[in-house]
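Participant: Protein chains in written order, with the numbering used here: chain H, 1 to 222; chain S, 1 to 275; chain C, 1 to 202.
Calculated from the structure, these hints are not laboratory results.
Be aware that a few hints might be false.
[Unchecked claim] One side of the interface only, derived from the structure: several residues of chain C facing chain S at Cβ under 10 Å: (1) Trp-23; (2) Leu-27; (3) Leu-96; (4) Cys-157; (5) Ile-160; (6) Gly-186; (7) Leu-188; (8) Tyr-190.
By construction, the Cβ of each residue, glycine as well, lies at the ideal position given by its N, Cα and C atoms.
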Amino acid sequence: MSAIRREIPSAILSLIGIALLLAFFTTLGFFQELHGILTSWVPIISGCSVGLGFLYMTYAQWMNYQRNKNLNNLIYLIVPLVFFAIFFGTALFSPGNTNSEAYQWLYYHIYKNVGGTVYAVMFFTLASSAIRTMRLFTRDPTGGFRFRLEAAALMFGGLIYTMRQIPLFQVYIPGIVELGEWIMLVPNVGGGRAAVIAAALGAITVGIRTLWGKERATAEVE
Amino acid sequence: MATARERLAKARRFYQIIWALCLIGMFIPLVYPLGLPVKVSEPVKDYYEAIANLPEGSVIAVSFGASAALLDEQEAQFLATWKTIFQYGHKVIFYCSTQDAPIIIQNELAEVNPEKYGYVYGEDYVILPYSPLGEAGQAAFAKSIRSIYSADIEGTPLDNIPLMKDIDSYKGIDLLIYEYTSCTDVEWVIRQWVVPYKTKVLIMTLGCCGPMAAPYYPTQIQGFLSGSGAGTELEVVSGNPGPGAAMSDAKNLGMLPFFIAIIWTNIKPFLGRED
Amino acid sequence: MAADLIGGFIGTLFVISVMSMLWRDNLFFRFGQAAIMGATIAHYIFMNFQSVYKNGIIPLMAGNVMFVIPILLGLLMYTRLSKDIAWLAKYPTSVLVGVGTGVMITGTLRGQIIDQVKQTVLDAFTGINGIIILVGVVTALSFFLFTKEHTGALGTCVKIGRVFLMISLGANFSGELIWYLTQMIGRLMYILNEFVWPLLGA
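Next comes chain H alone, as it looks inside the complex (with noise of 0.2 Å):
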């Protein structure tokens, strides 16, 4: 019985990766034919899965009001579900479903201006923690003053490309433009693309492990 909850499962995973693995490297039809068939399958997984996260959230969100009966709960448990109601009924029962009008003046009003206003007031927390961040020099313990060389590095590259984009800045300050494009196109790709390197000797890795069954957290489910 084990067997067909963890062996059988783990088998299919390695196989699968094997597989598209052969498909790469190999040009045996079996394999090319087997890469095209499971990538379209992919698509059609993850879509019918999708409603298993509404679930989660109203179950998450009942239990916490059951701990907690106070009114910022009660919003969380009915709120969502309301506009759950709302969009899922409209988009379903309106002729032309999203593309009725009914549809249309909820996503334009409701959902794209909230959903940018969640982003607009990043602007303001992002912005503050900036401020904090980008100080060069910090006071010791003896009265003088420590210069910070990491926060001059995000400071000069923050800044100078942030002044980039400005118009503003690109009128009245002469070679902004080409400092930012410059400071996009080669420390930070000095930067970057050991990032990437580095990224993607660790997923190598833990794709190997993955398809060798090591790891163990990808396949559990309790």
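Knowing the structure of chain H, use the given hints to seat chains S and C on it.
Facilitator: Using the frame of chain H, we list chains S and C on its own:
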């Protein structure tokens, strides 16, 4: 000596003043435009030339991964891109990789109006519906379009669409324009289009993802647009005005209080002011 | 016309509700936050189910029986909700992880390691910028060596590498700040164009 609570309250007030000034700074140019010119960068010039230098009638696949919440950042980019493509008479296969993409593409294309450029749907351009592609889906699409899509966004079978008759994989695609909003997605296009098939690729993404795409430029990706500013630059270089200009204008004064605050917090210790 | 103005008014209220978070955490903000949660999930679920219907069920009904397998696997994911049969969800998860890992490894080796190293070496011969990139890549890579203590020559290397990584981080941060700024400008434009100007009859 102020208590920690008092200092925290004072700091919060300072930030709230900066926020208010930034908000006022953003608002003023929306009412009284400044109209400052925009300079075009090398990646944007290369992006434009990659489209302009294609032979007329080339087929461009656009992987459209737009998000409604991020439309302010992306709109200038893709509108300028589409207008440039239509200007040069290339054929386009749009395919939607995010949940918001179908609605956005149908609304925005209606504004651009391809028919104005002499385009006929089905012959010169086609829109494929949403599928949660992910990296595996991109691999499947590149290998065989019909393994993912059997019909277009209206439900017309692909075999009945003239543009799609002879195109079923990367072989029929001369250029891929990959539009995405999650910074690591650039790796998908490198792994599934560039490495196996050496497809020419252009990237359209958010401002924070541009620096992460830079290591792949110009060898693996031929050009990229990073943020709405790049969209404005494309509007300028292609001669197609759009929503980017108003956005650029409002940025001018919106960032000034932020810069002043940074300068102030750096000179404050030297003036003997409490940190 | 009236519907547009009402829409603009409601939209403006929602914008203000989310922005009220900057003043302090309050019920008005939580309402806006909860509303967008519900709306987003509804939209995502509808679009995904519609995609499965168009790209899975319709071809299945047209005779392509292979599509039974991914649809069944997708439905098996819901067995996670019951402790007794949750183990069945390992099958679709295994397929997803196996495919994801397989397609990832093949492209990563060539596209993100070999080609990147090759380009770094080639760039070094193009001039001073190429040499700076090479120094940046080597020193920043040394930062990720966690199995050796960062002292001596390696320590100096790591210090230089951190400077390059911080410059990269600064560029990313700058892009993010401008992005959020653009979003805020977009919201102001919405309030002006959808509520204020129509209300003033402009």
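Participant: For which of the previously enumerated hints does the structure constitute a violation, in increasing order of number?
Facilitator: 2, 4 and 5
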